[in-house]
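Here's the letter readout for the chains.
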Amino acid sequence: MSACSRPDWPETVATPLTRLRAERPRVHVLTNFVAMNVSANALLALGAVPSMTFRADTVADFVCSARALVVNLGMLDPEREAAIGQAVPAASALGLPWVLDPVKVERSGPRRDLALRLLRMRPAVLRANAAEVETLAGLKGLEGAERLAREFDCVVALTGATDIVTDGEQTVRLAGGSPLMDRVTAMGCAASAVVGAFLAVERDACGAALAALASFAAAGGIAAGRARGPGSFEPELLDALFALEPGQIMEKVEFR
Amino acid sequence: MSACSRPDWPETVATPLTRLRAERPRVHVLTNFVAMNVSANALLALGAVPSMTFRADTVADFVCSARALVVNLGMLDPEREAAIGQAVPAASALGLPWVLDPVKVERSGPRRDLALRLLRMRPAVLRANAAEVETLAGLKGLEGAERLAREFDCVVALTGATDIVTDGEQTVRLAGGSPLMDRVTAMGCAASAVVGAFLAVERDACGAALAALASFAAAGGIAAGRARGPGSFEPELLDALFALEPGQIMEKVEFR
Amino acid sequence: MSACSRPDWPETVATPLTRLRAERPRVHVLTNFVAMNVSANALLALGAVPSMTFRADTVADFVCSARALVVNLGMLDPEREAAIGQAVPAASALGLPWVLDPVKVERSGPRRDLALRLLRMRPAVLRANAAEVETLAGLKGLEGAERLAREFDCVVALTGATDIVTDGEQTVRLAGGSPLMDRVTAMGCAASAVVGAFLAVERDACGAALAALASFAAAGGIAAGRARGPGSFEPELLDALFALEPGQIMEKVEFR
Chain A
71 MSACSRPDWP ETVATPLTRL RAERPRVHVL TNFVAMNVSA NALLALGAVP
121 SMTFRADTVA DFVCSARALV VNLGMLDPER EAAIGQAVPA ASALGLPWVL
171 DPVKVERSGP RRDLALRLLR MRPAVLRANA AEVETLAGLK GLEGAERLAR
221 EFDCVVALTG ATDIVTDGEQ TVRLAGGSPL MDRVTAMGCA ASAVVGAFLA
271 VERDACGAAL AALASFAAAG GIAAGRARGP GSFEPELLDA LFALEPGQIM
321 EKVEFR
Chain B
71 MSACSRPDWP ETVATPLTRL RAERPRVHVL TNFVAMNVSA NALLALGAVP
121 SMTFRADTVA DFVCSARALV VNLGMLDPER EAAIGQAVPA ASALGLPWVL
171 DPVKVERSGP RRDLALRLLR MRPAVLRANA AEVETLAGLK GLEGAERLAR
221 EFDCVVALTG ATDIVTDGEQ TVRLAGGSPL MDRVTAMGCA ASAVVGAFLA
271 VERDACGAAL AALASFAAAG GIAAGRARGP GSFEPELLDA LFALEPGQIM
321 EKVEFR
Chain C
71 MSACSRPDWP ETVATPLTRL RAERPRVHVL TNFVAMNVSA NALLALGAVP
121 SMTFRADTVA DFVCSARALV VNLGMLDPER EAAIGQAVPA ASALGLPWVL
171 DPVKVERSGP RRDLALRLLR MRPAVLRANA AEVETLAGLK GLEGAERLAR
221 EFDCVVALTG ATDIVTDGEQ TVRLAGGSPL MDRVTAMGCA ASAVVGAFLA
271 VERDACGAAL AALASFAAAG GIAAGRARGP GSFEPELLDA LFALEPGQIM
321 EKVEFR
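Top to bottom, those sequences are chains A, B and C.
All residue numbers for the first sequence refer to our numbering, where the first residue is 71 and numbers rise by one.
All residue numbers for the second sequence refer to our numbering, where the first residue is 71 and numbers rise by one.
All residue numbers for the third sequence refer to our numbering, where the first residue is 71 and numbers rise by one.
Only chain A is shown next, with the shape it has when bound in the complex (with noise of 0.2 Å):
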């Protein structure tokens, strides 16, 4: 029973964020060049050390090393194609988790294809927008949501005004964050990223995916009451996820 199933959401939320900080994992990125340095730092901000090597002849080394994987598709170039052909493998043989985060699918037909092709090779997570679902699934919302969870036997993460987590039989709803996240790059790659550090901790997906989500969108809360605009919203961010204590997320997001 996956923790979409029962949601005694302090629980869920604490447990993986207490060992995020105290076991500092390793976490292996491979994600598009504008969210890199904001995803390093929402890493290093919760307390996972990542690396973003994207180098196909030495990407294994570093997965193999990591506790969890990161596959971004946006601004996907072929030396960085070559190497999420080294490291999923390399991370499924050492039964690693990974994200998939299908970045503006929409807008390139070559790309659906390439993440309809890694769904097949069983993410624990994919973590996509309205748009990204839409594409992929052929129906939009929670019940494209609840397909894509399915047909590939995956945790989708479904971000956006309120966030849905779905195993694609048991579906939770997550409200929280701020509508300056949309005037920011890189908030849902860096997203993505925060639930590979919390896959690396948690290995129950739903479990991970939603103490990640929980935890991005208390942070967005708390800065968003700080910030002047979208420039100082980001290093407020980080601020909070630094500081961000359980009870803050009980505060800030609304489980449904």
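It cannot be assumed that every hint is accurate.
[Unchecked claim] Calculated from the model, a selection of chain C residues having no Cβ within reach of chain A, i.e. all distances over 10 Å:
hint	residue
1	190
2	191
3	204
4	274
[As the list claims (entries may be wrong)] Looking from chain A toward chain B, a few residues come up when the C-beta cut is under 8 Å (computed):
hint	residue
5	104
6	145
7	147
8	180
9	181
10	255
11	299
12	302
13	305
14	325
FYI, nobody ran anything at the bench for these hints, they're computed from the structure.
From the three backbone atoms N, C-alpha and C, an ideal C-beta is built for every residue, glycine too.
With the hints as your guide, set chains B and C onto chain A.
Just chains B and C now, kept in the frame of chain A:
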């Protein structure tokens, strides 16, 4: 008659800024690695929606669903150069306006030659600094800018302590901004991206360049008043772009 | 007699900082994608003028018009590796000093081998952390740093809670900075870039490394006193580097 010869500034500046926020146009930006994050954030702060893929075999898909293109030659690698070779003809075929930013052509002969070849492909706006204009025109300052505008039938936006926008016949000067901008990387690149965003909603290239540089300079002036140095300047600039009112532009920027 | 053996700190630190601001030297930085933006901003804040092109067929043009070179192996891709192969001989031929930052050599055998090959090409300074020094020297801590300095006839700057600068015979320790620096990505890479900037104006490699690490640590200490967490730390660090006075260095950093 271009906007350079009819200086009804409030109208020239206010209308495209309002349209940018209302229409949220997609802008495809081919830029260097240092400039990607801040350029994306500047566009998002103003309301545009950036994409930045530079893979040669997918860039045309992204350009075709965008309303303007930005071509920046900083740190040009072979993959992005190949992408430029796909993106510019795709933009031209669709009648999409594009901006050329010939970063550091004074430091590399091959890059200067590429910039000259691209100028023959009819960018709507060339956005450059003094050293770049001099290298491309063989003449300094306003004379160089006017020569390039006439020779390549484009608008030239020469930025510096005072910005110049010229169509080769009429010239407008803008004074504003802040010397701190020289101490923050990629400010010129971000200004070029902002010109692209204004071109997406304002087809008069003089008007778009004026509105873009005036908005950027006004936000820079506001940010400089709030920042303690170049580190706090960047988030303040993004906050100021996000909240910018046409009235602030008239107050912070002097048109001559 | 190198600066490591004559500890007249105010002079050692103040003179190159003043020269850096007055001369505004160009520094070419071959670094990883995560570190580019913050490294460029750290150099600009201090007064240096960075360039970062890593294309193999143009990098020599940039090196030849620069006064120092920085070679960072983080996220090393084939294009940047080829550029290093052009840039280091170009720098050597011109007598330009260069810094080597062997990022994460403990995680990849091929990268460790490359770092050792580059050490034989005579960098002025090796800037590394404890794990990297141990991997390259086969010995831990100060012993490892001294062995590398003697074997490769370079200055080794080993950074951590306390920084060590050694020429293999004489050693100086600097205590300062902030534990928050471990929670912000690319701080070590930015420190290496700053060493490059000081080498551009101070040819005694011990003196340049000491002045660079002392400046960086002092700015870090000032920033930590103002920041709420790792997000606000980075803009505060850049503001502090911009405004740094020699007197603050003597106050914030302890030399032993």
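How the hints compare with the structure:
1. 190: holds, 21 Å
2. 191: holds, 21 Å
3. 204: holds, 15 Å
4. 274: For residue 274(C), whose nearest Cβ neighbour in chain A is about 33 Å away, the distance exceeds 10 Å, so it holds.
5. 104: Result: holds, 5 Å to nearest chain B Cβ.
6. 145: holds, 5 Å
7. 147: Cβ of residue 147(A) sits 5 Å from chain B, so the hint holds.
8. 180: holds, 6 Å
9. 181: Interface hint status for residue 181(A): holds (7 Å vs cutoff 8 Å).
10. 255: Since the shortest Cβ distance to chain B is 4 Å, the answer is holds.
11. 299: The hint holds - residue 299(A) has a Cβ within 8 Å of chain B, the shortest such distance being about 3 Å.
12. 302: holds, 5 Å
13. 305: Since chain B brings a Cβ to about 6 Å from residue 305(A), closer than 8 Å, the hint holds.
14. 325: violated, 29 Å
When held up to the earlier numbered hints, the structure conflicts with hint 14 and nothing else.
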